Amino acid sequence: MDDEYAKLIRRMNPPRVVIDNDACEDATVIQVDSVNKHGILLEVVQVLTDMNLVITKAYISSDGVWFMDVFNVIDQDGKKIRDREVIGYIQRRLESNASCFLSLRGSVGVMPSEEHTSIELTGTDRPGLLSEVCAVLTDLHCNVVNAEIWTHNARAAAVVHVTDDSTGCAIEDPKRLTTIKELLCIVLKGNNDLKAAKMTLSPPGITSRERRLHQIMFADRDYERIERAGLVRHKDESSRTHVTVLNIEKDYSVITMRAKDRPKLLFDIVCTLTDMEYVVFHGMVNTGRMEAYQEFYIRHIDGLPISSDAEQERVIQCLEAAIERRASEGLELELCTEDRVGLLSDITRIFRENSLCIRRAEISTKGGKAKDTFYVTDVTGNPVDPKIIDSICQQVGQTKLQVKHNSTLLPKPPQETTMGYLFGNLFKA
45 MDDEYAKLIR RMNPPRVVID NDACEDATVI QVDSVNKHGI LLEVVQVLTD MNLVITKAYI
105 SSDGVWFMDV FNVIDQDGKK IRDREVIGYI QRRLESNASC FLSLRGSVGV MPSEEHTSIE
165 LTGTDRPGLL SEVCAVLTDL HCNVVNAEIW THNARAAAVV HVTDDSTGCA IEDPKRLTTI
225 KELLCIVLKG NNDLKAAKMT LSPPGITSRE RRLHQIMFAD RDYERIERAG LVRHKDESSR
285 THVTVLNIEK DYSVITMRAK DRPKLLFDIV CTLTDMEYVV FHGMVNTGRM EAYQEFYIRH
345 IDGLPISSDA EQERVIQCLE AAIERRASEG LELELCTEDR VGLLSDITRI FRENSLCIRR
405 AEISTKGGKA KDTFYVTDVT GNPVDPKIID SICQQVGQTK LQVKHNSTLL PKPPQETTMG
465 YLFGNLFKA
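Count the sequence shown with my numbering and you get residues 45 to 473, in order.
The hints are simulated quantities; they were obtained by calculation from the structure and are not laboratory data. Values in this document were obtained by computation on a predicted structure and should not be read as measured data. A couple of the hints might just be wrong.
Unchecked claim - The calculated DSS-like cross-link candidates involving lysine-lysine, where the alpha carbons are at most 25 Å apart (straight line), are:
hint, residue 1, residue 2
1, Lys294, Lys81
2, Lys233, Lys219
3, Lys123, Lys448
4, Lys413, Lys101
5, Lys413, Lys448
6, Lys304, Lys124
7, Lys101, Lys123
8, Lys101, Lys81
9, Lys431, Lys410
10, Lys448, Lys304
11, Lys431, Lys444
12, Lys304, Lys123
13, Lys81, Lys308
14, Lys101, Lys308
15, Lys444, Lys413
16, Lys410, Lys308
17, Lys219, Lys308
18, Lys123, Lys81
19, Lys308, Lys123
20, Lys124, Lys101
21, Lys308, Lys415
22, Lys415, Lys448
As the list claims (entries may be wrong) - Just the calculated beta-carbon pair ranges, DEER-fashion:
hint, residue 1, residue 2, range
23, Thr223, Gly108, 50 to 60 Å
24, Gly411, Ser140, 20 to 30 Å
25, Asp183, Cys437, 49 to 59 Å
26, Ser399, Glu139, 43 to 53 Å
27, Pro430, Cys213, 36 to 46 Å
28, Lys233, Met112, 44 to 54 Å
29, Thr381, Lys123, 25 to 35 Å
30, Cys213, Thr381, 16 to 26 Å
31, Lys123, Asp183, 45 to 55 Å
32, Cys213, Tyr133, 43 to 53 Å
33, Asp107, Gly441, 48 to 58 Å
34, Lys410, Glu69, 44 to 54 Å
35, Gln442, Gly412, 19 to 29 Å
Just so you know, even glycine gets a beta-carbon here, dropped at the ideal spot from N, CA and C.
With the sequences and hints as input, model every part of the structure.
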(Lines of atoms letter the chains of each structure in order from A; the text may use other names.)
(Lines give C-alpha, C1' and ligand atoms only; values in the text may rest on other atoms or scores of the structure.)
Protein backbone atom coordinates (compact mmCIF):
# COMPACT_ATOMS: atom_id res chain seq x y z
CA MET A 45 0.00 0.00 0.00
CA ASP A 46 2.85 2.39 0.83
CA ASP A 47 4.38 1.84 -2.63
CA GLU A 48 1.03 2.44 -4.37
CA TYR A 49 0.47 5.60 -2.33
CA ALA A 50 3.94 6.87 -3.25
CA LYS A 51 3.22 6.21 -6.94
CA LEU A 52 -0.06 8.10 -6.66
CA ILE A 53 1.70 11.09 -5.06
CA ARG A 54 4.29 11.12 -7.88
CA ARG A 55 1.57 10.98 -10.56
CA MET A 56 -0.23 13.88 -8.91
CA ASN A 57 3.01 15.88 -8.63
CA PRO A 58 5.07 15.33 -11.80
CA PRO A 59 8.53 16.92 -11.96
CA ARG A 60 8.58 20.64 -12.75
CA VAL A 61 11.49 21.79 -14.88
CA VAL A 62 12.60 25.37 -15.52
CA ILE A 63 15.36 26.06 -18.06
CA ASP A 64 16.78 29.58 -17.92
CA ASN A 65 19.42 31.15 -20.16
CA ASP A 66 19.32 34.58 -18.48
CA ALA A 67 20.08 33.70 -14.86
CA CYS A 68 23.78 32.99 -15.46
CA GLU A 69 26.24 34.73 -17.73
CA ASP A 70 28.14 31.67 -18.92
CA ALA A 71 25.81 28.68 -18.44
CA THR A 72 22.24 27.48 -18.90
CA VAL A 73 20.50 27.00 -15.55
CA ILE A 74 18.22 23.97 -15.18
CA GLN A 75 16.03 23.69 -12.09
CA VAL A 76 14.17 20.47 -11.28
CA ASP A 77 11.49 20.23 -8.57
CA SER A 78 9.85 16.89 -7.84
CA VAL A 79 8.45 14.54 -5.23
CA ASN A 80 11.45 12.82 -3.66
CA LYS A 81 12.28 9.15 -4.22
CA HIS A 82 15.44 7.09 -4.00
CA GLY A 83 17.42 7.33 -7.22
CA ILE A 84 15.80 10.49 -8.59
CA LEU A 85 19.08 12.44 -8.45
CA LEU A 86 20.72 9.76 -10.60
CA GLU A 87 17.81 9.86 -13.07
CA VAL A 88 18.21 13.61 -13.52
CA VAL A 89 22.00 13.47 -13.83
CA GLN A 90 21.66 10.56 -16.28
CA VAL A 91 19.46 12.64 -18.60
CA LEU A 92 21.97 15.50 -18.62
CA THR A 93 24.82 13.04 -19.18
CA ASP A 94 22.99 11.34 -22.06
CA MET A 95 22.64 14.76 -23.70
CA ASN A 96 26.43 15.26 -23.44
CA LEU A 97 25.90 18.34 -21.29
CA VAL A 98 28.72 19.42 -18.99
CA ILE A 99 27.64 20.24 -15.43
CA THR A 100 29.75 23.12 -14.12
CA LYS A 101 27.83 23.74 -10.89
CA ALA A 102 25.03 22.04 -9.00
CA TYR A 103 23.04 22.61 -5.83
CA ILE A 104 21.11 19.66 -4.43
CA SER A 105 18.45 19.48 -1.74
CA SER A 106 16.15 16.51 -1.10
CA ASP A 107 15.37 16.67 2.61
CA GLY A 108 11.86 15.49 3.41
CA VAL A 109 9.41 14.54 0.67
CA TRP A 110 10.50 17.10 -1.93
CA PHE A 111 13.49 17.14 -4.25
CA MET A 112 15.04 20.31 -5.71
CA ASP A 113 18.10 20.52 -7.91
CA VAL A 114 19.75 23.39 -9.76
CA PHE A 115 22.33 22.66 -12.45
CA ASN A 116 24.51 25.05 -14.43
CA VAL A 117 25.25 23.31 -17.74
CA ILE A 118 27.11 24.02 -20.98
CA ASP A 119 27.50 22.06 -24.20
CA GLN A 120 30.67 20.32 -25.38
CA ASP A 121 31.91 23.60 -26.88
CA GLY A 122 31.53 25.43 -23.57
CA LYS A 123 28.47 27.40 -24.67
CA LYS A 124 24.93 27.81 -23.36
CA ILE A 125 22.15 25.60 -24.72
CA ARG A 126 20.40 27.84 -27.25
CA ASP A 127 18.65 25.36 -29.56
CA ARG A 128 14.94 25.41 -28.69
CA GLU A 129 14.44 21.84 -29.86
CA VAL A 130 17.25 20.64 -27.60
CA ILE A 131 15.85 22.63 -24.68
CA GLY A 132 12.39 21.15 -25.30
CA TYR A 133 13.82 17.63 -25.44
CA ILE A 134 15.71 18.12 -22.15
CA GLN A 135 12.53 19.40 -20.52
CA ARG A 136 10.44 16.47 -21.76
CA ARG A 137 13.01 13.94 -20.62
CA LEU A 138 13.33 15.46 -17.17
CA GLU A 139 9.59 15.83 -16.70
CA SER A 140 8.91 12.25 -17.72
CA ASN A 141 7.92 10.16 -14.72
CA ALA A 142 9.27 6.95 -16.25
CA SER A 143 12.26 5.44 -14.49
CA CYS A 144 14.43 2.88 -16.20
CA PHE A 145 16.90 2.47 -13.35
CA LEU A 146 17.01 -0.71 -11.32
CA SER A 147 18.93 -1.61 -8.21
CA LEU A 148 22.38 -3.11 -8.33
CA ARG A 149 22.45 -6.54 -9.87
CA GLY A 150 24.79 -8.94 -8.19
CA SER A 151 25.84 -10.91 -11.27
CA VAL A 152 27.33 -10.14 -14.61
CA GLY A 153 26.27 -12.45 -18.29
CA VAL A 154 24.45 -12.81 -22.86
CA MET A 155 21.00 -11.69 -24.00
CA PRO A 156 19.82 -10.89 -27.52
CA SER A 157 17.60 -7.95 -28.40
CA GLU A 158 16.03 -7.45 -31.82
CA GLU A 159 18.98 -5.34 -32.97
CA HIS A 160 22.01 -6.88 -31.28
CA THR A 161 23.30 -9.26 -28.65
CA SER A 162 24.66 -7.56 -25.54
CA ILE A 163 27.69 -9.20 -23.92
CA GLU A 164 29.16 -8.26 -20.53
CA LEU A 165 32.74 -9.24 -19.75
CA THR A 166 35.01 -9.00 -16.76
CA GLY A 167 38.45 -10.40 -16.05
CA THR A 168 42.05 -9.59 -15.16
CA ASP A 169 43.46 -6.77 -17.26
CA ARG A 170 46.53 -7.51 -19.32
CA PRO A 171 48.15 -6.15 -22.51
CA GLY A 172 46.43 -7.47 -25.62
CA LEU A 173 43.24 -8.62 -23.86
CA LEU A 174 40.89 -6.56 -26.03
CA SER A 175 42.68 -7.73 -29.15
CA GLU A 176 42.20 -11.37 -28.12
CA VAL A 177 38.50 -10.81 -27.36
CA CYS A 178 37.95 -9.10 -30.73
CA ALA A 179 39.79 -11.87 -32.56
CA VAL A 180 37.57 -14.52 -30.98
CA LEU A 181 34.40 -12.59 -31.86
CA THR A 182 35.59 -12.17 -35.47
CA ASP A 183 36.38 -15.90 -35.75
CA LEU A 184 32.87 -16.62 -34.46
CA HIS A 185 31.38 -14.37 -37.17
CA CYS A 186 30.31 -11.67 -34.71
CA ASN A 187 30.49 -8.02 -35.72
CA VAL A 188 31.05 -5.48 -32.93
CA VAL A 189 28.68 -2.55 -33.48
CA ASN A 190 29.11 -0.76 -30.15
CA ALA A 191 31.25 -1.32 -27.09
CA GLU A 192 32.77 0.34 -24.07
CA ILE A 193 35.79 -1.03 -22.24
CA TRP A 194 37.13 0.14 -18.88
CA THR A 195 40.18 -0.97 -16.93
CA HIS A 196 40.98 -0.20 -13.31
CA ASN A 197 43.19 -1.68 -10.62
CA ALA A 198 44.20 -4.74 -12.66
CA ARG A 199 40.59 -5.51 -13.64
CA ALA A 200 38.89 -5.09 -17.02
CA ALA A 201 35.20 -4.82 -17.82
CA ALA A 202 33.34 -4.39 -21.08
CA VAL A 203 29.82 -4.12 -22.44
CA VAL A 204 29.85 -5.19 -26.09
CA HIS A 205 26.99 -5.17 -28.60
CA VAL A 206 27.43 -7.66 -31.45
CA THR A 207 25.47 -8.84 -34.47
CA ASP A 208 25.76 -11.79 -36.82
CA ASP A 209 28.21 -10.68 -39.53
CA SER A 210 26.12 -12.18 -42.35
CA THR A 211 22.63 -11.05 -41.35
CA GLY A 212 23.39 -7.92 -39.32
CA CYS A 213 20.87 -9.11 -36.72
CA ALA A 214 21.10 -10.30 -33.13
CA ILE A 215 22.49 -13.77 -32.45
CA GLU A 216 19.74 -15.95 -30.98
CA ASP A 217 20.84 -19.55 -31.48
CA PRO A 218 21.40 -20.96 -27.93
CA LYS A 219 24.20 -23.31 -29.03
CA ARG A 220 26.08 -20.51 -30.75
CA LEU A 221 25.66 -18.25 -27.72
CA THR A 222 27.02 -21.02 -25.50
CA THR A 223 30.06 -21.38 -27.76
CA ILE A 224 30.69 -17.64 -27.67
CA LYS A 225 30.48 -17.67 -23.88
CA GLU A 226 32.81 -20.64 -23.47
CA LEU A 227 35.52 -19.29 -25.78
CA LEU A 228 35.42 -15.77 -24.35
CA CYS A 229 35.70 -17.14 -20.81
CA ILE A 230 38.85 -19.00 -21.84
CA VAL A 231 40.34 -15.77 -23.20
CA LEU A 232 39.31 -13.76 -20.14
CA LYS A 233 40.72 -16.29 -17.70
CA GLY A 234 44.19 -16.30 -19.27
CA ASN A 235 47.04 -18.07 -17.51
CA ASN A 236 47.18 -16.13 -14.26
CA ASP A 237 43.74 -14.80 -13.40
CA LEU A 238 43.54 -13.39 -9.88
CA LYS A 239 39.77 -13.81 -9.83
CA ALA A 240 37.26 -15.79 -11.82
CA ALA A 241 36.57 -14.36 -15.28
CA LYS A 242 32.93 -13.79 -16.18
CA MET A 243 31.04 -13.42 -19.41
CA THR A 244 27.26 -13.07 -19.49
CA LEU A 245 24.45 -12.11 -21.80
CA SER A 246 22.61 -9.06 -20.50
CA PRO A 247 19.06 -7.90 -21.21
CA PRO A 248 19.25 -4.70 -23.27
CA GLY A 249 17.72 -1.43 -22.16
CA ILE A 250 17.61 -2.25 -18.45
CA THR A 251 20.13 0.40 -17.50
CA SER A 252 22.73 2.59 -19.16
CA ARG A 253 25.90 0.99 -20.48
CA GLU A 254 28.09 3.23 -18.33
CA ARG A 255 26.14 2.44 -15.19
CA ARG A 256 26.42 -1.26 -15.95
CA LEU A 257 30.19 -0.88 -16.20
CA HIS A 258 30.24 0.76 -12.77
CA GLN A 259 28.07 -2.05 -11.42
CA ILE A 260 30.17 -4.79 -13.01
CA MET A 261 33.44 -3.41 -11.64
CA PHE A 262 31.88 -2.72 -8.24
CA ALA A 263 30.63 -6.33 -8.10
CA ASP A 264 34.14 -7.40 -9.12
CA ARG A 265 35.50 -5.41 -6.13
CA ASP A 266 37.95 -3.45 -8.26
CA TYR A 267 38.10 -0.86 -5.46
CA GLU A 268 40.24 -3.23 -3.39
CA ARG A 269 43.88 -2.27 -3.83
CA ILE A 270 46.07 -5.08 -5.13
CA GLU A 271 49.63 -4.63 -3.99
CA ARG A 272 51.37 -6.54 -6.69
CA ALA A 273 54.20 -5.34 -8.89
CA GLY A 274 53.12 -4.31 -12.35
CA LEU A 275 49.40 -4.31 -11.55
CA VAL A 276 48.92 -1.07 -9.66
CA ARG A 277 50.66 1.96 -11.05
CA HIS A 278 51.15 4.72 -8.48
CA LYS A 279 50.08 8.08 -9.83
CA ASP A 280 51.62 11.45 -9.16
CA GLU A 281 50.19 12.90 -5.94
CA SER A 282 49.15 16.11 -7.70
CA SER A 283 46.69 14.23 -9.90
CA ARG A 284 45.28 11.92 -7.26
CA THR A 285 41.66 11.94 -6.19
CA HIS A 286 41.03 13.12 -2.62
CA VAL A 287 37.95 11.86 -0.78
CA THR A 288 37.13 12.53 2.88
CA VAL A 289 34.21 11.42 5.05
CA LEU A 290 33.06 13.21 8.20
CA ASN A 291 30.05 12.54 10.44
CA ILE A 292 28.30 15.60 11.87
CA GLU A 293 26.05 15.46 14.91
CA LYS A 294 24.95 11.89 14.10
CA ASP A 295 22.63 13.25 11.40
CA TYR A 296 24.62 13.07 8.19
CA SER A 297 27.88 11.83 6.80
CA VAL A 298 29.59 14.53 4.75
CA ILE A 299 31.59 13.38 1.74
CA THR A 300 33.97 15.89 0.21
CA MET A 301 35.87 15.21 -2.98
CA ARG A 302 38.54 16.95 -4.98
CA ALA A 303 39.50 15.49 -8.33
CA LYS A 304 40.68 16.46 -11.77
CA ASP A 305 37.69 17.90 -13.61
CA ARG A 306 36.23 15.97 -16.53
CA PRO A 307 32.83 15.33 -18.14
CA LYS A 308 30.52 12.82 -16.41
CA LEU A 309 32.34 13.09 -13.08
CA LEU A 310 29.12 13.87 -11.19
CA PHE A 311 27.35 10.95 -12.86
CA ASP A 312 30.09 8.54 -11.76
CA ILE A 313 29.83 9.72 -8.14
CA VAL A 314 26.03 9.74 -7.93
CA CYS A 315 25.82 6.37 -9.69
CA THR A 316 28.12 4.78 -7.12
CA LEU A 317 26.40 6.35 -4.11
CA THR A 318 23.00 5.21 -5.42
CA ASP A 319 24.14 1.64 -6.05
CA MET A 320 25.73 1.54 -2.59
CA GLU A 321 22.28 2.54 -1.28
CA TYR A 322 23.19 5.96 0.05
CA VAL A 323 20.82 8.92 -0.26
CA VAL A 324 22.09 12.43 -1.02
CA PHE A 325 20.17 14.99 1.08
CA HIS A 326 22.20 18.08 0.30
CA GLY A 327 25.06 18.69 -2.04
CA MET A 328 27.10 21.16 -4.00
CA VAL A 329 29.28 20.78 -7.07
CA ASN A 330 31.71 23.39 -8.34
CA THR A 331 34.31 23.15 -11.08
CA GLY A 332 37.45 25.22 -11.31
CA ARG A 333 39.83 25.60 -14.22
CA MET A 334 41.40 22.21 -13.63
CA GLU A 335 39.71 20.67 -10.58
CA ALA A 336 36.21 19.72 -9.52
CA TYR A 337 34.92 19.98 -5.96
CA GLN A 338 31.95 18.00 -4.75
CA GLU A 339 30.35 17.80 -1.33
CA PHE A 340 27.38 15.65 -0.30
CA TYR A 341 25.44 15.22 2.91
CA ILE A 342 24.35 11.58 2.86
CA ARG A 343 22.74 8.80 4.87
CA HIS A 344 22.35 5.14 4.15
CA ILE A 345 18.94 4.16 2.80
CA ASP A 346 18.09 2.89 6.30
CA GLY A 347 18.33 6.49 7.55
CA LEU A 348 21.66 6.16 9.35
CA PRO A 349 24.94 7.92 8.59
CA ILE A 350 28.16 5.98 8.07
CA SER A 351 28.59 4.14 11.35
CA SER A 352 32.06 2.54 11.40
CA ASP A 353 35.63 3.10 10.29
CA ALA A 354 35.39 0.06 8.02
CA GLU A 355 32.31 1.44 6.27
CA GLN A 356 33.97 4.83 5.94
CA GLU A 357 37.06 3.30 4.36
CA ARG A 358 34.92 1.26 1.95
CA VAL A 359 32.98 4.37 0.84
CA ILE A 360 36.23 6.24 0.21
CA GLN A 361 37.69 3.34 -1.78
CA CYS A 362 34.53 2.90 -3.86
CA LEU A 363 34.25 6.59 -4.71
CA GLU A 364 37.92 6.83 -5.63
CA ALA A 365 37.47 3.79 -7.88
CA ALA A 366 34.37 5.31 -9.50
CA ILE A 367 36.35 8.43 -10.37
CA GLU A 368 39.45 6.58 -11.57
CA ARG A 369 37.66 4.07 -13.82
CA ARG A 370 36.86 6.69 -16.40
CA ALA A 371 40.02 8.75 -15.91
CA SER A 372 41.65 9.05 -19.32
CA GLU A 373 45.25 7.96 -19.06
CA GLY A 374 47.82 8.49 -21.76
CA LEU A 375 47.21 9.11 -25.42
CA GLU A 376 43.76 9.49 -26.95
CA LEU A 377 43.54 8.02 -30.44
CA GLU A 378 40.46 8.39 -32.64
CA LEU A 379 39.73 6.04 -35.53
CA CYS A 380 37.20 7.26 -38.12
CA THR A 381 36.69 5.07 -41.19
CA GLU A 382 34.26 2.90 -43.12
CA ASP A 383 32.95 0.11 -40.93
CA ARG A 384 33.61 -3.49 -41.90
CA VAL A 385 33.59 -6.89 -40.27
CA GLY A 386 36.85 -7.47 -38.37
CA LEU A 387 37.86 -3.79 -38.27
CA LEU A 388 38.13 -3.69 -34.48
CA SER A 389 40.05 -6.96 -34.46
CA ASP A 390 42.56 -5.57 -36.95
CA ILE A 391 43.18 -2.24 -35.20
CA THR A 392 43.55 -3.80 -31.73
CA ARG A 393 45.94 -6.39 -33.18
CA ILE A 394 48.10 -3.57 -34.56
CA PHE A 395 48.11 -1.91 -31.15
CA ARG A 396 49.11 -5.18 -29.49
CA GLU A 397 51.91 -5.84 -32.00
CA ASN A 398 53.28 -2.38 -31.25
CA SER A 399 53.19 -2.97 -27.46
CA LEU A 400 50.36 -0.55 -26.77
CA CYS A 401 48.05 -1.16 -23.81
CA ILE A 402 44.41 -0.05 -24.17
CA ARG A 403 43.30 1.54 -20.88
CA ARG A 404 39.83 2.51 -22.04
CA ALA A 405 37.90 2.40 -25.30
CA GLU A 406 34.61 3.57 -26.78
CA ILE A 407 33.45 1.82 -29.94
CA SER A 408 30.54 3.03 -32.07
CA THR A 409 29.18 2.52 -35.57
CA LYS A 410 26.51 4.51 -37.35
CA GLY A 411 25.44 4.66 -40.96
CA GLY A 412 28.25 2.41 -42.12
CA LYS A 413 30.89 4.54 -40.38
CA ALA A 414 33.03 3.49 -37.44
CA LYS A 415 34.17 5.99 -34.82
CA ASP A 416 36.37 4.42 -32.17
CA THR A 417 38.28 6.15 -29.38
CA PHE A 418 41.17 4.47 -27.60
CA TYR A 419 43.20 5.63 -24.59
CA VAL A 420 46.60 3.96 -24.73
CA THR A 421 49.89 3.74 -22.87
CA ASP A 422 52.83 1.39 -23.22
CA VAL A 423 52.67 -1.93 -21.39
CA THR A 424 54.22 -0.44 -18.25
CA GLY A 425 51.66 2.38 -18.10
CA ASN A 426 54.07 5.05 -19.32
CA PRO A 427 53.61 7.44 -22.28
CA VAL A 428 53.86 5.93 -25.73
CA ASP A 429 56.91 6.64 -27.89
CA PRO A 430 55.80 9.14 -30.61
CA LYS A 431 57.69 7.12 -33.23
CA ILE A 432 55.46 4.12 -32.50
CA ILE A 433 52.35 6.25 -32.96
CA ASP A 434 53.68 7.59 -36.27
CA SER A 435 54.31 4.05 -37.44
CA ILE A 436 50.81 2.91 -36.46
CA CYS A 437 49.20 5.91 -38.17
CA GLN A 438 51.08 5.06 -41.36
CA GLN A 439 49.84 1.46 -41.20
CA VAL A 440 46.23 2.41 -40.56
CA GLY A 441 46.17 5.65 -42.58
CA GLN A 442 46.95 9.18 -41.41
CA THR A 443 43.43 10.38 -42.22
CA LYS A 444 41.79 7.46 -40.42
CA LEU A 445 43.72 7.39 -37.14
CA GLN A 446 44.53 10.65 -35.39
CA VAL A 447 45.96 11.73 -32.05
CA LYS A 448 43.27 13.72 -30.24
CA HIS A 449 44.68 14.31 -26.78
CA ASN A 450 47.65 13.48 -24.59
CA SER A 451 46.92 13.65 -20.85
CA THR A 452 50.60 13.24 -19.97
CA LEU A 453 51.34 16.68 -21.43
CA LEU A 454 48.69 18.55 -19.42
CA PRO A 455 49.85 21.00 -16.74
CA LYS A 456 49.41 19.81 -13.19
CA PRO A 457 46.29 21.10 -11.39
CA PRO A 458 46.69 23.98 -8.94
CA GLN A 459 47.20 23.09 -5.29
CA GLU A 460 45.83 26.15 -3.52
CA THR A 461 42.37 24.67 -2.94
CA THR A 462 41.35 23.06 0.33
CA MET A 463 38.97 20.29 1.28
CA GLY A 464 36.91 22.74 3.29
CA TYR A 465 35.98 24.81 0.26
CA LEU A 466 32.66 23.14 -0.38
CA PHE A 467 31.93 22.35 3.24
CA GLY A 468 32.06 26.00 4.16
CA ASN A 469 30.07 27.19 1.17
CA LEU A 470 27.37 24.55 0.84
CA PHE A 471 24.56 26.39 2.55
CA LYS A 472 25.73 29.83 1.44
CA ALA A 473 24.63 28.75 -2.04
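Evaluated hints:
{"no.": "1", "hint": "Lys294 with Lys81", "result": "22 Å, holds"}
{"no.": "2", "hint": "Lys233 with Lys219", "result": "21 Å, holds"}
{"no.": "3", "hint": "Lys123 with Lys448", "result": "21 Å, holds"}
{"no.": "4", "hint": "Lys413 with Lys101", "result": "35 Å, violated"}
{"no.": "5", "hint": "Lys413 with Lys448", "result": "18 Å, holds"}
{"no.": "6", "hint": "Lys304 with Lys124", "result": "23 Å, holds"}
{"no.": "7", "hint": "Lys101 with Lys123", "result": "14 Å, holds"}
{"no.": "8", "hint": "Lys101 with Lys81", "result": "22 Å, holds"}
{"no.": "9", "hint": "Lys431 with Lys410", "result": "32 Å, violated"}
{"no.": "10", "hint": "Lys448 with Lys304", "result": "19 Å, holds"}
{"no.": "11", "hint": "Lys431 with Lys444", "result": "17 Å, holds"}
{"no.": "12", "hint": "Lys304 with Lys123", "result": "21 Å, holds"}
{"no.": "13", "hint": "Lys81 with Lys308", "result": "22 Å, holds"}
{"no.": "14", "hint": "Lys101 with Lys308", "result": "13 Å, holds"}
{"no.": "15", "hint": "Lys444 with Lys413", "result": "11 Å, holds"}
{"no.": "16", "hint": "Lys410 with Lys308", "result": "23 Å, holds"}
{"no.": "17", "hint": "Lys219 with Lys308", "result": "39 Å, violated"}
{"no.": "18", "hint": "Lys123 with Lys81", "result": "32 Å, violated"}
{"no.": "19", "hint": "Lys308 with Lys123", "result": "17 Å, holds"}
{"no.": "20", "hint": "Lys124 with Lys101", "result": "13 Å, holds"}
{"no.": "21", "hint": "Lys308 with Lys415", "result": "20 Å, holds"}
{"no.": "22", "hint": "Lys415 with Lys448", "result": "13 Å, holds"}
{"no.": "23", "hint": "Thr223 with Gly108: 50 to 60 Å", "result": "54 Å, holds"}
{"no.": "24", "hint": "Gly411 with Ser140: 20 to 30 Å", "result": "28 Å, holds"}
{"no.": "25", "hint": "Asp183 with Cys437: 49 to 59 Å", "result": "27 Å, violated"}
{"no.": "26", "hint": "Ser399 with Glu139: 43 to 53 Å", "result": "51 Å, holds"}
{"no.": "27", "hint": "Pro430 with Cys213: 36 to 46 Å", "result": "42 Å, holds"}
{"no.": "28", "hint": "Lys233 with Met112: 44 to 54 Å", "result": "49 Å, holds"}
{"no.": "29", "hint": "Thr381 with Lys123: 25 to 35 Å", "result": "30 Å, holds"}
{"no.": "30", "hint": "Cys213 with Thr381: 16 to 26 Å", "result": "23 Å, holds"}
{"no.": "31", "hint": "Lys123 with Asp183: 45 to 55 Å", "result": "46 Å, holds"}
{"no.": "32", "hint": "Cys213 with Tyr133: 43 to 53 Å", "result": "30 Å, violated"}
{"no.": "33", "hint": "Asp107 with Gly441: 48 to 58 Å", "result": "56 Å, holds"}
{"no.": "34", "hint": "Lys410 with Glu69: 44 to 54 Å", "result": "36 Å, violated"}
{"no.": "35", "hint": "Gln442 with Gly412: 19 to 29 Å", "result": "21 Å, holds"}
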